[in-house]
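Trainee: Assemble the whole structure, with the sequences as input and the hints as a guide.
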Amino acid sequence: MFAYYLELALRSLKRSPGLTVLMVLAIGFGVAASMTTYSVFRAVSGDPIPWKSSKLFVPQIDMWGPTGRGPDGEPPDALDYADAMTMMRDHRAKLQSAIYAVAPSVIPAIKGGSPVNVSGYGVYSEFFPLVDAPFLYGSSWSVDADTRRAAVVVINSGLNEQLFGGRNSVGKIIDIEGKDYRVVGVLNHWNPQPIFFDVHDSGGFGGDGPDLFLPFETGIAVGMPNAGSQNCDAMPTSSGFTGLQQSSCTWISYLAELDDAAAVSRYRSYLDGYTDAQQAAGRFTWPKNNRLRDVPAFMDFEQVVPDDTRVSLLVALGLLVVCLVNTVGLLLAKFLRRSGEIGVRRALGAPRRAIYAQFLIEAGMVGAAGGVLGLGLTGIGVASVGLVLPPYLAALAKVDLPLLALTLVLAIVATLLAGLYPTFRASRVQPAWQLKSN
Amino acid sequence: MRVHPIIAALKLHKAGVVLIVLQIALTLAIISNAVFIVAQRIDRVNRVTGVDEADLFRLSTLFVGAPLGDDKASLDKLDALQLSDVNTLRHVPDVALVSASNAMPLQGGLWVGGVGIKPNQKTPTSTFTYYYGDEQMLPTLGVHLIAGRNFNAGEVIHHTINDTTMAPVSIVSKHLADKLYPKGDALGKTAFIDNKPSTIIGIVETLETSNSGHMTWAYDTVMQPVRLSGAMANYAVRAKPGRLSDAMRAARAALFAANPMRVMASTWGVLSMSDLRDKAYRGDRGMAILMITVCVILLGVTAAGIVGLTSFWVGQRRRQIGVRRALGARRVDILRYFQIENLFIASAGVVLGVLLALGLSLWLMSHYEMPRLPTLYLLVGVAMLLLIGQLAVFVPARRASLVPPVEATRAA
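From first to last, the protein sequence lines stand for chains A and B.
Heads up, the first sequence is in numbering that gives the first Met the number 0, so the first residue is 0 and it goes up one at a time.
Heads up, the second sequence is in numbering that gives the first Met the number 0, so the first residue is 0 and it goes up one at a time.
There's no promise every hint is true.
Unchecked claim - Taking lysine-lysine pairs in the DSS-like style, the calculated list, with each CA pair at most 27 Å apart, reads:
#1 B:LYS76 <-> A:LYS178
#2 B:LYS76 <-> A:LYS287
#3 A:LYS93 <-> A:LYS287
#4 A:LYS51 <-> A:LYS93
#5 B:LYS76 <-> B:LYS121
#6 B:LYS278 <-> B:LYS239
#7 B:LYS71 <-> B:LYS178
#8 B:LYS178 <-> B:LYS195
#9 A:LYS397 <-> B:LYS278
#10 B:LYS121 <-> B:LYS195
#11 B:LYS195 <-> A:LYS178
Claimed, not checked - Computed Cβ-Cβ distance ranges for the label pairs, DEER-style:
#12 B:ARG248 <-> A:GLY45: 46 to 56 Å
#13 A:GLY177 <-> B:ILE41: 48 to 58 Å
#14 A:ASN167 <-> B:MET260: 24 to 34 Å
#15 A:LYS178 <-> B:GLY108: 20 to 30 Å
#16 A:PRO390 <-> B:HIS90: 28 to 38 Å
#17 B:THR189 <-> A:THR236: 31 to 41 Å
#18 A:GLY64 <-> B:GLU154: 30 to 40 Å
What the hints assert, rightly or not - Derived, one-sided and incomplete: chain B residues facing chain A with beta-carbon distance under 10 Å:
#19 ALA8
#20 ASN161
#21 THR164
#22 PRO167
#23 ILE339
Read the hints as simulated data drawn from the structure, not as lab findings.
Quick reminder that beta carbons are idealized off the backbone N, C-alpha and C, glycines included.
Mentor: Quick look at the structure:
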């Protein structure tokens, strides 16, 4: 019967090509607009580390007090040097790392090679297991290297390609700002987006991934300045990078891994205890106002997903709804036009079920055709988001198998839903009345 | 024409009518808000920067192995690097003016402070953006000085961005001057910039912050005679009229020839004002294009829906139309019948649509910092949908009017 209904549907669709084309176009455009905006939304709202994001926490401390808070009463989204260092020393989480952005120049060993500007971070050795950074060669540096302020570096595969032609470079020396560093590890194309470990600088997106990582305290010791943003409630009292370290300006990101609820609550009380102690010492003169958000909550707080992306998705879904309402109307017209035919089938003994099957298959065919058109239009749409979005966002939107499958499924399911009411009406056609009036 | 029969007839195909009403309502709700978003973006893109944008470009370079700038010797060394660059650029044939300056409108990234009129003022009168640069900054940017004077070379100092030294003289934008001294007598007065005094020696007409936005302090800027020392140096350069692209190419080459120990990538090293403009507003432009695309598709789909359903109704009622024609109705009466019918349906649609549009606007306001939807956009949307309805109904209505009276005698 299925094949027979398919044939009937095909005949019926051919009989009124104009109406059919209208429906297919509406579904195609509606689905393509939704899927194109969804592809962007999916890219920016994704969880970059889904298997452990709920165990990674970002502590926030209100070191500026009421005058430095935003209108929402939230404490700053990064830490100052003194607090970050105390928290590192206290070492209360399973794994933790203070993080700051650097942008040094690397001088290639090749003669006459011009220096390259790279981006990276000063981190602690625990950073790599904390974020599950994938190593291609070598590994993280030792805890000992953190304290010794060793001249070691972990580079990403991009820089490894550039400097060493992609070979295992562990043990090789690179020149960063005129100082020799020994490569201890090479990461395997590590570029999580959103950049969850440094949201306050990046806003969430951008770049081809960090080029290198060096020990936090090595960066401080050699005076490799902060390349990320810094926010100050009061101007530093002395100048330069040292002045920044002595100030209450915030410029350090911090991540802590807390594996269960008990660990979270212990860390929370540790933070409270720390700010209470600061209050007792007279540094903070205001009630404590700490936050401990996990990574998804922190990205939400930082509004990593741009408003424009949400509004676009919303508007596109609205368009899809209008297209579906439109399809309901057109299918209704199409089905009821064939009341005579339905009357004959019913009079010859076809049950309502058969009418449902016949017309839902017809609706499904329209949906499938709309879906195929939608696939093409989604492809065009995603390819041209580069024209309308900043490059760093456009680069994230991709056509992949799940997106294509979803496009097709959405088109067919939506059209079937749209076909329900018209089919219901068709099944209610009174055979006797139809036969008489003909 | 009496409306009673039209309404009576509508009751016979409720489902179709409800669907068109719903479609028109949703379309109105979406397009009025979408067009409003487009208008806001256009406003944003058209914001004035206050600088003379033609022939202006920005150079950024990173000195490799630059000293930290924590002591005087290394500070002087950093400044010497910059002065030498400025000197090199000045001798590029297509270059008219050069200034060591950290800020330029639309570049993104900014150094913000608070300014007041009293020492130790608790809450600053306004937030503002610093424009640091030498005495050539004002003419190079082409900012219009409306009172007072420009800096002179002797006033220019140099320090790092984290330095707390305050330049004794400042030039402020008129917008900020009026905020500080509403009587218009800011010139010669003292402003307390990040709680340190500085005398206002000049006022410029307009100068936008270096990161375009809709903050209340978007036009509150303070120019100070400071060459910012650091590993990163920025220059504002004005090319000779019409020589922009040649000047940009030659300037980069000249800098590398004079001192190759630098990084100056093509993506951020050399950018004209129009490059900066394109980068800064790409998101806004994109949002506008997307909204317009959606609106066009929506109107098309809605018009198609009206054509489709009305055609169906015309087909259903051929016999009735024939009867009316046989009883003396003219073609124009039949045409009008369908046009008025559509007007009824569309009116119901826009009434519902206005409510939905306002609801959507309220929701957007509460979630996405959008201003309220102005009535004008609603009215334009209403007019547009009524018009689309009439245009869409014309084709099937005309076909209805061509039904011959003899149709009355045929079986349905």
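Trainee: Do the beta carbons of A:GLY64 and B:GLU154 sit within 30 to 40 Å of each other?
Mentor: 36 Å, holds
Trainee: Indicate whether the distance between the beta carbons of A:PRO390 and B:HIS90 respects the range 28 to 38 Å.
Mentor: 35 Å, holds
Trainee: Is 31 to 41 Å a correct range for the gap between the Cβ atoms of B:THR189 and A:THR236?
Mentor: At 22 Å between Cβs, range violated.
Trainee: Classify the hint on B:PRO167 as holds or violated, based on whether any CB of chain A lies nearer than 10 Å to its CB.
Mentor: 17 Å, violated
Trainee: Check whether the Cα positions of B:LYS76 and A:LYS178 lie no farther apart than 27 Å.
Mentor: 19 Å, holds
Trainee: Are B:LYS121 and B:LYS195 close enough, with their CA atoms no more than 27 Å apart?
Mentor: Since the Cα atoms of B:LYS121 and B:LYS195 sit roughly 13 Å apart, the hinted pair holds (cutoff 27 Å).
Trainee: Per the CB criterion, is B:ALA8 less than 10 Å away from chain A?
Mentor: It is violated, given that the least Cβ distance between B:ALA8 and chain A is near 16 Å, above 10 Å.
Trainee: At the C-beta level, are A:GLY177 and B:ILE41 separated by a distance inside 48 to 58 Å?
Mentor: Given range 48 to 58 Å: holds, Cβ gap about 50 Å.
Trainee: For the pair supplied as a hint, A:LYS51 and A:LYS93, confirm whether the alpha-carbon distance does not exceed 27 Å.
Mentor: 13 Å, holds
Trainee: Are B:LYS76 and B:LYS121 close enough, with their CA atoms no more than 27 Å apart?
Mentor: 38 Å, violated
Trainee: Regarding the pair B:LYS278 and B:LYS239, is the alpha-carbon distance no greater than 27 Å?
Mentor: Within the cut-off at roughly 24 Å; holds.
Trainee: Between B:LYS178 and B:LYS195, does the CA-CA distance stay at or below 27 Å?
Mentor: Holds, at roughly 18 Å.
Of the numbered hints stated above, those contradicted by the structure are hints 2, 5, 7, 11, 12, 17, 19, 22, 23, listed in ascending order.
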